[in-house]
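J.: Those protein sequences? They're chains A and B, same order as listed. Read in order, the letters of the first sequence correspond to residues 1 to 284 in the working numbering. Read in order, the letters of the second sequence correspond to residues 285 to 452 in the working numbering.
Simulated from the structure, these hints should not be mistaken for laboratory data. Heads up, a few of these hints could be off.
[Said to hold, decoys possible] Covered stretches of chain B, going by a simulated chain A footprint (3 or more residues, C-beta under 8 angstroms):
#	stretch
1	372-385
2	427-437
[What the hints assert, rightly or not] Listed next, with one range per pair, are the computed distances between beta-carbon atoms:
#	chain 1	residue 1	chain 2	residue 2	range
3	A	R11	B	S444	41 to 47 angstroms
4	B	R286	A	R249	54 to 60 angstroms
5	A	G148	B	P380	53 to 59 angstroms
[Unchecked claim] Negatives, chain A to chain B, calculated, CB over 12 angstroms:
#	residue
6	A44
7	I86
8	S158
9	R167
10	D212
11	N241
12	L251
13	S252
14	S260
Small disclaimer: the values here were computed from a predicted structure and weren't measured. Glycine is no exception: its CB is placed at the ideal position from the N, C-alpha and C atoms.
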Amino acid sequence: MAMRTRARSTRLLVVALVSASLVTITIDYRQGDGGPLAAAGDAALTLISPLQEAVSKVTQPIGNFFSTLVRLPSIRRELEDAREQIAEFRAEFGEVRSGQMRLAELEAILGLQDSLGRRLETLAAEVIAYSVSNFEWTIGIDHGSSDGVEEDMAVIASGGLAGHVVRTGPSSSVVRLIIDPDSAVAGRLEGSGEPGLLVGDGDADLRMELVDADTDVMPDENVVTAGFRIPGVGPSLYPPNILIGTVSRVLSDEGALEKSITVRPAVDFSSLHVVLVVLSSGTG
Amino acid sequence: MRRAILLTVVVVTALLLQSTVLPNATLLGAKPELMYLLAISFGALEGPASGAIAGFVGGMAQDFLLNQPKGITALTLTLLGYAIGMLRQFIVSPSPLLPVFLVAGGTFSGILFYGVVTFLLGQMDTSWLYQLRVAALSGLYNALLTPIAFPILRRAVEGSRSQRVFRW
C-alpha cells in the first residue's frame, strides 16, 4: 500500500515538474527578451560570472594544457604552414619589383588601417567562460554594462571578427560568436565587392548566402564586413571592413540562383583568450 | 535541507566545470553534458523522484545561462532522471559497469529527445546529423567521466541522507 502511494506521489511530482517546465517554455517563448524570465537569466549571469572568472583564472593553465594536447596535430600543421609562408615571403621580397608602385600600395593599406584604428574605440576583455551547451557558440567576457558594454556591440579578436554582445550583466557579458547558427553577418567579397550573408554552422565553416550566381569568386579570397543592414535578417552590428575569413569552397551549380560558398573564419575560436569590444559604431 | 544544499553545490560545480574547464578538453569537438550525468546519477542512486528533482533543478539552472527558450533542458532532464530511476528499479545486475551504461544510453537518448523538443518548437539551428554526432560523443564522454563522478556523487548522496529520510 505504502509502495503504491509512493509511486503515485512520484508520478504527481513528475507531472508537476514537467508542467512547470512547459509553463516556463511557454512564458519565455511568448515574452522573448523583455520578460521577467529574461531578467532572471541576467541575474543568473550576474551571479555565476564572478565564479566563472575565478575558476577560469585558476584552471586556465590546466585548460591550456588539455587544449594544446588536443590541438597538437593542428598546431604542427600551423607550424608547417607558417614555415611555408616565411619561405614565400622571402621569395617575394627577393624579387625585384617596381618599387614606387609597391610603396604606394603599402601606404594606402597603412592609411586605411590607421583610419579604421582611429575611428573604432575598443575595450579589451578577457574570455572567462564558454557556453554550457553543445548547441550554442557563445563566450563570456569579464566586462559588462558598468564598463560601457552594451548589447549588439561588435566583438573582434586577433585575426578578425568574433561576434557581438547578446547579454550584459554589470561586470560580465555574453558574446554570440559568428559561428553560432543564430548569427548572420552582412559581408562582402573583397575582390568583387559582391555582398552576401554569412551564417554560422557551428564548428564547420561559415556559409555565405545570397551571393549572385554570376559572381566571380576566388579561392582564399578575403571576406570582410559590409557594414550595412540586409533587410529582414538582422541588424547591422558590425563596422565595415573587418576581416571575417577567407573563401574555403565554391560550388557552382548550373541553373542555381545563388552561389554556394563556404568561408573559413579568420579567428581561431578554439583558443580565444582576449577579445576587443567595439564601443563605437565605427560608421561615423 | 541537507539535500537541497548538496544539490545546489553539485549543480553550481557542474555548471562551472562545463563552462570553464571542459570546453578546452572536448572529445572530437563535443563537450560532455554534466547536467545529464547528474540527473542520471541521482535517478540511479536515489530513485525516480530524486532523479526528476535533480534533473529539473540542474536543467533549469543550465537553461537560465542559455539564449533560447528556458525550460527545454529542464523538461528533458526531469523526464530523463525519472526514466532512469524507474529503469533502475527493474535491473538487478550487480555489475559495477551498470552506471556507465546507464549514463551512456541516458545521455544519448536525452540529447536526442532535447533535439526533438527544440525541433518541434522551431528552435533547432543545427542539422540532425550534428545532433546525432553530439549525442553519441557526449554520451561516450559522459560514460568516460562516470567512473570518477559517480562514486563522488554516491558518497555525497549517502552523506546527506541523514536523520530523516525524504520520501515522495
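J.: Does each hint fit the structure? Answer for all of them.
T.: Do the hints match the structure? See the list:
Coverage of a stretch by a chain is defined here by at least three residues with a beta carbon nearer than 8 angstroms to that chain's beta carbons; for the stretch 372-385 of chain B and chain A the count is 0, and the condition is violated. With a threshold of 8 angstroms between beta carbons, the proposed coverage of the stretch 427-437 of chain B by chain A is violated, since 0 of its residues qualify and at least three are required. Remark: the range hint 41 to 47 angstroms for R11 (chain A) to S444 (chain B) is contradicted by a beta-carbon distance near 24 angstroms. The hint said 54 to 60 angstroms for the Cβ distance between R286 (chain B) and R249 (chain A), and at roughly 57 angstroms that hint holds.
In this structure, G148 (chain A) and P380 (chain B) meet the distance hint of 53 to 59 angstroms, their C-beta atoms being roughly 55 angstroms apart. Non-interface call for A44 (chain A) relative to chain B: violated, since the shortest CB-CB distance, roughly 4 angstroms, does not exceed 12 angstroms. Here I86 (chain A) stays apart from chain B, with its beta-carbon at least about 29 angstroms from theirs, past the 12 angstroms limit. With a least CB separation of 18 angstroms from chain B, S158 (chain A) remains clear of the 12 angstroms interface cut-off, as annotated.
Its beta-carbon lying about 7 angstroms from the closest one in chain B, R167 (chain A) breaks the requirement of being farther than 12 angstroms from that chain. Annotated as non-interface, D212 (chain A) keeps its C-beta farther than 12 angstroms from every C-beta of chain B; the closest such distance is 26 angstroms. Under the 12 angstroms C-beta cut-off, the non-interface status given to N241 (chain A) relative to chain B holds; the minimum distance is some 28 angstroms. Listed as a non-interface residue, L251 (chain A) keeps its Cβ farther than 12 angstroms from every Cβ of chain B; the least gap is roughly 17 angstroms.
Interface exclusion of S252 (chain A) from chain B stands, the closest Cβ pair being 23 angstroms apart, more than 12 angstroms. In this structure S260 (chain A) is separated from chain B by more than 12 angstroms, as the shortest Cβ-Cβ distance comes to about 16 angstroms.
Checked against the numbered hints above, the structure violates hints 1, 2, 3, 6, 9; every other hint is satisfied.
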